[in-house]
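A.B. asks: Next come the chains, spelled out residue by residue.
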Amino acid sequence: MHTFKLYLEFIKIRIVSHIEYRKMFLFWFFAQWIAYGVQLLLIWVMVHRFQDIQGWKPFEVVLLYALSLNSYALAGFFFYNPCTQLSHLVRTGEFDEILTRPLNPFLYLVSREFNFGYITHVVLAVPVTVVSFVMLDIPFTFTNILMLLLILIGGALIQGAVFLFTSVPAFWIVDSNGMQNVLFQFRDFANYPLSIYHKSIQILLTFVIPFAFINFYPAQFFLGKQDFSVFHPAFQFMTPLVGLVMFALALWFWHFGINRYKSTGS
Amino acid sequence: MAFIEMQNVTKQFRVYPRQKGFANALKSLVYKPYEIKTAVDGIDFSIAKGELVGYIGANGAGKSTTIKMLSGILVPTSGQIEVGGLVPHENRKRNAGRIGVVFGQRSQLYWDLPMEETFDLYKRMYKIDAAAFKRNVQFFVELLDMQEFVRRPTRQLSLGQKMRANLALAMLHDPEILYLDEPTIGLDVVAKSKIRKFIREINREKATTVILTTHDMNDIEEICDRLIMIDHGRKMFDGTLHEFKQTYSDSTIVILDLEEDAALQVSDGRLKVIQEDGQRKYVSIDKNIISLVDAITQLAQTNRIREVNVKEPDIEDTVRRIFEK
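Top line first, the protein sequences correspond to chains A and B. Reminder that position 100 of the first sequence reads as 100 in full-length UniProt numbering, one-by-one numbering, no gaps. Reminder that position 203 of the second sequence reads as 203 in full-length UniProt numbering, one-by-one numbering, no gaps.
Bound-form chain A, shown alone (with noise of 0.2 Å):
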């Protein structure tokens, strides 16, 4: 308790210093809210014009775009920092200082690195989830309420997951941020219902980056769809699963890297 008090002290200084630079603050917040509402509306203008795709709605398809965002930026509040600066702290020995705290290295990383920045995210991907359950119809039930939040959750953890899995070659590769590019890429491929895609990509996004697990297959279960290809229906269920095993994984490897950490500089 008294640990966990402490790391929602490194969040609270970060988000104070976030907020000092006011100016900055509040034009890459917008800056952030154009980029991913533009991102949106071609999403939206796509679908609308086809009227389905695979048979998904635009509303489903706005659905799966929410769902991902908003396991998105719970991802990059605690992970989007740390992993892009890791090649950072490495390169320049700064790493050196979280090892030799009394915390948890990992913990103390995350809260200190907290960006508060993901909050634009928030703000727009929530009133949309809000939106397309309203105009699917999805009422808000208790079973339904606690399922996004597993579903978001578990979203989160493959999100940061991957954030890590990018990351920790810092450890032995001076610089690992190309990596981080490329997969984040592939997160676009989610942003439609992944039956479009020729089936290697649904086996690449199901078993090797489950981005699948984030909205295609959880969206399933409020829609009622069984869309699933070649796969289970049960898919639907898993993604806090996924997100576990994937979250714990990233985790050993972090470990794995920090044995390794060589320290440079003076």
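Some hints could be false.
Unchecked claim - Footprint (simulated), chain B over chain A, 3 or more residues, beta carbon under 8 Å:
id	stretch
1	13-20
2	87-97
To be verified - List of simulated lysine to aspartate or glutamate pairs, EDC-like, C-alpha gap at most 20 Å:
id	chain 1	residue 1	chain 2	residue 2
3	B	K93	A	D188
4	B	K162	A	E97
5	A	K262	B	D120
6	A	K12	B	E117
7	A	K12	B	D112
8	B	K127	A	E97
9	A	K5	B	E90
10	A	K262	B	E117
11	A	K12	B	D41
12	B	K123	A	E97
13	B	K127	A	E9
14	B	K93	A	E94
15	B	K123	A	D137
16	B	K93	A	E9
17	A	K23	B	D112
18	A	K5	B	E148
What the hints assert, rightly or not - Not everything, but these chain B residues come out facing chain A in the computed CB check (under 10 Å):
id	residue
19	R14
20	G72
21	R94
22	N95
23	G97
24	R98
25	G100
26	V101
27	S107
28	Y110
29	E117
30	R124
31	K127
32	K206
33	Y248
It is worth saying that the hints were derived from the structure and are not from the lab. Even for Gly, the Cβ is constructed at its ideal location relative to N, Cα and C.
Chain A is already provided as a structure; the job is to place chain B on it using the hints.
C.D. replies: Only chain B this time, still in chain A's reference frame:
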């Protein structure tokens, strides 16, 4: 087992030498040759509680690597390390609670917080009890002359102020061991002397074990009881400062000012004239084979001496000579 114990510790790194030319750069995408660089090569030492040890060596000798292994940052390639019954890299969290570290110019401070708030944060991070915390803050702020800048945001502090702040933070939780990697680097004389005073004081008051690396031999001369010297990752010397001087500085310099500008008359082979500078002559003697009194007596018999000065071996000269060999 001693308080801090290193047994046959080796740390190797892979280094990838940059190949020249575009073709080689492309080739390195597929196959990148590497070399094994041994930073620390079979080091042994043990340090008792409350010792103040200077750890010296040229750049790249393996000093920082050793300190980083002791503090749990680096995992040794082979050998055993134990610090107060713990293996540092296996018990990072617990080890970190018992040590304080200051690594050169790398700051432990939180950029956006004034010192006072950073102190509070440390109080919670290291679970320091209220009474000890209050006592330590008062003690350190006074000892390090920090009154004038404790309320200022960290980013506005000068290098010397930052270093003092870092030292205070490292000691706030009363660690049993303090690791200092070049604590006086880049500082002016006043700041250096404050820091040296602080280190001596906390070692005396709190019996903190201190290991410090430095290039400034005055640090060693003014602070340390014991000296460990490494070169190319191997231990070259381990003993007291006095022993160090006796072992390595075989020569004492006798500086003579003669009454007139004449060549120095020396009849004994044990006296070596190393420099003649007008009336001033420099004679080097080895105290192991001739005593200082004998040397001066002999010189006085054959020369008209106005004044005699004796220069004891300077540790910096000594170290430089050893490394140049």
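A.B. asks: Confirm or reject each hint.
C.D. replies: Structure-based check of each hint:
1. Residues of the stretch 13-20 of chain A lying with their CB closer than 8 Å to a CB of chain B number 4, which satisfies the three-residue condition for coverage.
2. Note: the stretch 87-97 of chain A has 4 residues with beta-carbon separation from chain B under 8 Å; the three-residue rule is met and the coverage holds.
3. Of the supplied pair hints, the one linking B/K93 and A/D188 is violated, its CA atoms being roughly 40 Å apart against a limit of 20 Å.
4. Annotation: proposed proximity of B/K162 to A/E97 holds, straight-line Cα distance about 16 Å (limit 20 Å).
5. Note on A/K262 and B/D120: the hinted pairing is violated, with a Cα-Cα distance of about 31 Å set against a maximum of 20 Å.
6. A C-alpha spacing of about 13 Å is found between A/K12 and B/E117, which places the hinted pair at or below 20 Å, so the restraint holds.
7. Using a Cα cut-off of 20 Å, the hinted pair A/K12 and B/D112 holds, with the two alpha carbons roughly 12 Å apart.
8. Taking the CA atoms of B/K127 and A/E97, the gap is about 18 Å. The hint holds against a cut of 20 Å.
9. Simply put, A/K5 and B/E90 have alpha-carbon atoms about 25 Å apart, too far for the 20 Å limit, and the pair is violated.
10. At roughly 32 Å between alpha-carbon atoms, A/K262 and B/E117 are farther apart than 20 Å, so this suggested pair is violated.
11. Of the pairs offered as hints, the one joining A/K12 and B/D41 is violated, with about 45 Å between alpha carbons and a cut-off of 20 Å exceeded.
12. Annotation: proposed proximity of B/K123 to A/E97 holds, straight-line Cα distance about 17 Å (limit 20 Å).
13. Pair hint B/K127 plus A/E9 holds up; C-alpha atoms about 14 Å apart against a cutoff of 20 Å.
14. Pair hint B/K93 plus A/E94 holds up; C-alpha atoms about 18 Å apart against a cutoff of 20 Å.
15. Between B/K123 and A/D137, the direct Cα distance comes to roughly 53 Å. Violation of the 20 Å bound is thereby established for this hinted pair.
16. At most 20 Å may separate the alpha-carbon atoms for a hinted pair to count; B/K93 and A/E9 meet this at roughly 19 Å.
17. Between A/K23 and B/D112 the CA atoms are separated by roughly 17 Å; this keeps the pair inside 20 Å, and the hint holds.
18. A threshold of 20 Å between alpha carbons decides the hint, and for A/K5 with B/E148 the separation of about 31 Å lies outside it, so the pair is violated.
19. At its closest, the beta carbon of B/R14 sits 9 Å from a beta carbon of chain A; the interface hint therefore holds under the 10 Å criterion.
20. Evaluation of the B/G72 hint against chain A yields a held restraint, the C-beta minimum of about 6 Å falling below 10 Å.
21. Nearest Cβ of chain A to the Cβ of B/R94: about 7 Å, under the 10 Å cut. The hint holds.
22. Taking 10 Å as the C-beta cut-off, the interface hint given for B/N95 holds, the closest approach to chain A being about 9 Å.
23. With 10 Å as the threshold, the beta carbon of B/G97 comes within range of chain A, its nearest partner Cβ sitting at about 4 Å, so the hint holds.
24. Restraint check, B/R98 versus chain A: the minimum CB separation of about 9 Å is within 10 Å; hint holds.
25. At about 9 Å, the closest approach between the beta carbon of B/G100 and any beta carbon in chain A falls short of 10 Å, and the interface hint on this residue holds.
26. With its C-beta approaching chain A no nearer than about 5 Å, B/V101 sits inside the 10 Å limit, and its interface hint holds.
27. For B/S107, the interface hint holds, the least distance from its beta-carbon to any beta-carbon of chain A being 8 Å, beneath 10 Å.
28. Against a cut-off of 10 Å between C-beta atoms, the interface hint on B/Y110 holds, since the closest Cβ of chain A lies about 7 Å away.
29. Among the interface hints, the one on B/E117 holds; its C-beta lies about 9 Å from the nearest C-beta in chain A, closer than the 10 Å criterion.
30. Residue-level restraint check for B/R124 holds (minimum Cβ-Cβ distance to chain A is 5 Å; threshold 10 Å).
31. Proximity of B/K127 to chain A holds as hinted, the smallest CB-CB distance being about 7 Å (cut-off 10 Å).
32. Hint status for B/K206: violated, given a least beta-carbon distance of 18 Å to chain A, over 10 Å.
33. Here the hint on B/Y248 is broken, as its CB sits about 26 Å from the closest CB of chain A, past 10 Å.
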